[in-house]
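*Asks:* Sequence:
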Amino acid sequence: MSKDFRQAALDYHAKPVPGKISMELTKPAETQAELALAYSPGVAEPCREIAEDPNAAYLYTGKGNLVAVISNGTAVLGLGNLGALASKPVMEGKALLFKRFAGINSVDIEVSTENTESFIETVANIADTFGGINLEDIKAPECFEIEAELSRRCTIPIFHDDQHGTAIVTAAGMINALEIQGKRLEDAVITCLGAGAAAIACMRLLVSMGARRENIFMLDRRGVIYAGREGVNAYKQEFVNNTDKRSLSDAVRGADVFVGLSGADLLSADMLLSMADRPIVFACSNPDPEIRPELAHSVRDDLIMATGRSDYPNQVNNVLGFPFIFRGALDVRASAINEEMKIAAVKALGDLAREPVPAAVLQACGETELSFGPRYIIPKPVDPRLLQRIAPAVARAAVDSGVARIPYPDGYAPGAL
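Here the working numbering is used: the first residue of the sequence shown is 76, the next is one more, and so on.
Just so you know, the hints here were simulated from the structure itself, not pulled from any lab data.
Treat the hints loosely; a few may be bogus.
Claimed, not checked - Estimated spans, in silico, between C-beta atoms of each pair: (1) Glu99 with Ala126: 47 to 57 Å; (2) Ser97 with Asp262: 25 to 35 Å; (3) Ile255 with Ala104: 53 to 63 Å; (4) Ala104 with Glu444: 33 to 43 Å; (5) Ala126 with Tyr487: 42 to 52 Å; (6) Leu85 with Ser373: 31 to 41 Å; (7) Ala119 with Ser446: 41 to 51 Å; (8) Glu124 with Tyr487: 19 to 29 Å; (9) Pro484 with Arg450: 55 to 65 Å; (10) Lys78 with Glu124: 53 to 63 Å.
The C-beta atom is built at its ideal place from N, Cα and C for all residues, glycine as well.
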């Protein structure tokens, strides 16, 4: 990172006022009569209605369009355990993205504890304030227990974006890449370098969509997770493989797909050369991928590659998913974001990449041409059609799977309810 960019980033967050989000009023509050309606005595009337019927909170308060972004700062971006307060700029940034891309009001909450039970108790006790909760930057394996327990205890969607947002965008791009390469998910041999929250969620979702567990080779810092290996936690146990492969070199040889959610420069040119014909590489470590695209393309001309970076084609970017997934969930008052809703988001996102790209998107991306193919397997984050495609698909899946509290609205327009 250059000195100039670092200063620009600091200035952006500090000026003209500190931070990236603020509050705004949705009702007039200028006259004595308006104040009487806004607070005492008028506010007593909606309070009584909500006490009688909790669902009335969606009618008389901002609950239905409000998401909390909550972290304890134990896994901040690629920076590690910085603590709750230091995670606040990231959580504010997530709130900014909710508003910018899906019109969702969002507040950040940083919980200063690494104790799992204490964190769960804190979040569960405030959950009814919100229409949904986005968990963020919580280290594994605690994040799995936290999300599962909060989902059990709360009646609103609980979504750990580091897991499911990454998985949804990865799956959409992966299915498209496999089609372009003339391969099927059901047959693909997949090497996954990384065994944290994002990696496990990615592989879980791919299995839900047809990948075979026996074709998945997952590696952590100690190598391949194989049957009989000691010290493998319950979450990694899902991807134990009965294999004699032990190293990354072993696991990637002959593989159709490499998914990297680990660290920089861990996939060598020789390893890439050993992969199957027409390989797919998702090198998603940020800011430095597992293999540089320039190197990868210099040794394989039959490659489709994606990274987590915006300065290369095929960016795996969570903003392609979470704002629109929450938009659809909120609009039908969903009690959860379930597997059906995730798969609906995958399909809607993947299908959009197959459509002609509007001129405005090309201009915003500095491109003269984009079409479905090796350099364009997932849409760009600035594509305004994302909201109109993903949110309705998610809302429909919520209704069809029984987690919506209201029917699918006639003439549904995302965010208009």
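*Asks:* Need the list of violated hint numbers for this structure, in ascending order.
*Replies:* 1, 2, 4, 5, 7 and 9
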